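Protein chains in written order, with our numbering: chain X, 788 to 1130; chain Z, 639 to 983; chain V, 693 to 927.
Hints listed in this document are in silico derivations from the structure and should not be mistaken for laboratory results.
Quick caveat, the model's predicted, so the values are computed rather than measured.
There could be a bad hint or two in this list.
Claimed, not checked - Lysine-lysine pairs mimicking DSSO-like chemistry, simulated, CA-CA at most 27 Å apart:
id, chain 1, residue 1, chain 2, residue 2
1, X, Lys1039, Z, Lys809
2, V, Lys765, Z, Lys775
3, V, Lys876, V, Lys801
4, Z, Lys775, V, Lys769
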Amino acid sequence: MNNSTQTLNPFDKLLDLTCFTPLGLLSLLVLAILPMVPPFNQEYLIRWLISAAFIASMAIAFDFTAGLINIVNFGYCAIMGLGAYTSAILVERLGLSPWLGMLAGGLAAAGMGLMIGMITLRLRGIFAACLAWFFGLALMGLATKLVWLTRGPMGMRVDRLFDTPSNVPFYYLLLAMMVIIYITCKWVTRTHMGVAFMAIGQNMEAARTSGIDPVFYRVSNFVLSCAIGGVLGGFYAHYYGILTPDIMHTSKTVEVLAVAYIGGRGSLWGGAAIAFPFIFAMELIRSSLSDLPGINLVLYGLLLIMVMIYYPGGFAQFFNTYFRQTGNKMASYLFNGVAADTK
Amino acid sequence: MFQMIQKSFWEQVRKFNSLAGISIIITIVVALAATIDRGGYLLVNTIVTGGMLALVSMGLALTLGVLNIPMFAHGEFFMIGTLVGYYVFNAISAYVGSHPESSLVFWGPMLTIVAAMIIGAVAGVITELLIFRQLRKRSRENWVMNAFLLTVGLSVVLVNGHQLFFGADFKGIVGYYSGPSLAIMDVYISRDRVFALIVAAVVVALFWFFMTYTRTGRAIRAVSQDETGALIVGIGLNGILMLTMSLSCALAAIAGAGLLFMYPSYPSIGLEPLYMAWFVVILAGLGNVLGAVMCSFMVALLKVLTIEYIGSGWDFVVPSILIILILIFKPSGIFGSEVRGVLDK
Amino acid sequence: MLLEVKKLNAGYGYLQILRDVSLNVDTGEYVCLVGPNGAGKSTTLKTIAGLLSPTSGEILFDGEPIGGLPGNKVTRKGISLVSEDMNLFVNMSVEENLAMGAYIIRDKKAKKKQLEFVYDLFPRLAERSGQLAGTMSGGERKMLAIGRGLMANPQLLLVDEPSFGLAPQLTENVFQSLDVLVKKGLTIMLVEQNVTKTLEVTDRGYVLENGSIELSGKSSDLADNPHVRKVFLGV
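Please construct the entire structure, taking both the sequences and the accompanying hints into account.
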């Protein structure tokens, strides 16, 4: 489709460079304006927006491993928690700036990812998922028991990133992080590395025989995904201001996993797109049916089951079949942009 | 008959490689040493936990080996067992309270276990019919991963369904049998522990007998070893898959009800037995049912020793790290795997 | 007619392999299906045995339609398949494998009779009755696969590539045992790569090329057919 770059106008070029479709950019703009529009400018709704954007960013990075190389990183939130704790401890004990702390969190998580990757790389699919899960359990256990370092289940107080009661700056920072994460992941999939990831995810033996070294690519994929998780963990710590081992719990990983898979495996954008309406629906159900605790999660489990049985490609597949195949030129431009393989 | 079983048992043991033998010996030696060091209750705890863990992990190994499903919702069937146990036993205790000389004083707990088993089996059948059969009809490509995600969804539904309908509080019982502890040598064992131990031993023995000597049990093993071969000899797949699912869920539910006196029922009670069972199954080699029984005792010992010598809470950390270490050096598990298909995507 | 296949179309997903295959087998006959690699011989057998469902066409066994039935039901009707990759239960002993072969027979005496029959035919299996199937040699496994197929006391035995991967001496043994079975009145449909040998021993044959039947007739006639000689024997 995108055969000659010269014919593109600068706007399309920019879109192509950032891997957005016009619709994607439009929705991003909507998200950016949202905190100023009346119903959404209340603090609790901004908090919802932040948790949605957080899940969305996590889902992108999670899908980077799960969708591309077909390995479920079942300890993902524990790795995120590792980043959070690293950052929090460095900031609180050594007086580091929170920004550097977030970076350090990313580095620690990347190191952990390297270790898990090195160990699981010989194992396949579900084995690797289990091992990552055990790592996660061990990390969570450590966070609970090393009370002198993490204050355990009592929770650790952390300075917030911005010294203001408002949540708006956090929201914009997170939105920017989400965009950067998306563009980074998308860029990587465009290089020959991305092609290798897909090959490994679809058929590892075939990839190996065609000269792709699965070990190297799997580990690098894992490390990148974990590093993003670590930075996000740092954000989490410095946003909520309190850190307990609960954030490393398996159920948190399940939440990210559900959003990523309902959004559509391998699409990267699907999880991010679905996260906002999804989190809002969940929060609405929870607050309006507060006498039925857990109903929102029951519905969400049922949704995951339904999607997996009847529509395993998730929202992205649905979108691709029903919207992108449109004959209307204007709509097609809106949905596909100039290069059809982008958001 | 007994000799036949014994002979076949030793044949099975000999089939394992030397690593399995060594680890069994190490387990026994460590268990004895710890017993001498700290007292007999360690051994009792290990055996009770191990026996019940064996029920859960046999079921998990079975779903993996026969249905090729990496079950993440297996702990939720344990939870169902605790729930059924709680309600049934409370009803029985209320009856016994007004009729103290009724024979239910003795038979009540067993009735509870049987009720949990039946409900667990029914839950398994419903799960298979409503969820896995639907997926199987639609597509079998990327089956392991899709089935895994389905079980994740199922687990979320069951855990929160429990909270929705039964509340999030602890629902426990004082004990199945009242009365003084039994003393063997100078170790005191509560009657409930003896009861749990007997239940576990009986169920494991029955299950093993069923799998080895009955036509249906052999058919289940045949399906796990070669699905096409099973079809060729005339085994109906759908029936066997449903039976296996209900069997493995019933086993988990029995364990749940059997341990109710130690672990009260609450929504996420299933997580711990789940990951313990996964430890066992991975350690034993995916889908290896007999290996799972032996590894259950090893993992139980590991847990008991960790709590005893390092402190409670560390039982998350130490066994995980040890198992990761073992897997680094022996990825196919101690006992080797009966099912290679599970490892392939 | 014991088996009648009419205008059978089948394949894997969108990939069609069989095109309007029609063939029939009479009771007591020894029929072979030969053809080059990828012609669809194994697919034909798998479709008859119910491991694949046909997209169209009819399969009649004893006058009863069996097309589209799952494999276990077809076995119950009296058709046993000895597949190319044998599909043995590798972690079960020889005896257990044979017992599984008689899964559809409930009568213990009948089971025992079948077992004796198979052990009689393959004394080697009787010697190895306690050994795990996965640890046996290729020839023994082939025997076990055929033996397991016989355990269900079938009316029709479908045999896929019995000589594949075997040494010439063992191939000879396998062919001899099939001969014995035919003499005892069993109907056999054989798929083979070894065309010369196959046409020598069988009564009648079909030649399958590119998913459709090209030629059929008496095996001795087929062996003399110039087309067959050119394609398979390179003469």
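Lys876(V) and Lys801(V) were given as a pair; does the straight-line alpha-carbon distance stay at or below 27 Å? Holds, at about 20 Å.
Does the alpha-carbon distance linking Lys1039(X) and Lys809(Z) stay inside the 27 Å limit? holds, 25 Å
Taking only the CA atoms, is the gap from Lys765(V) to Lys775(Z) under or equal to 27 Å? holds, 18 Å
Is the straight-line distance between the alpha-carbon of Lys775(Z) and that of Lys769(V) 27 Å or less? With Cα atoms ~25 Å apart, Lys775(Z) and Lys769(V) stay inside 27 Å; holds.
No hint from the list above goes unmet by this structure.
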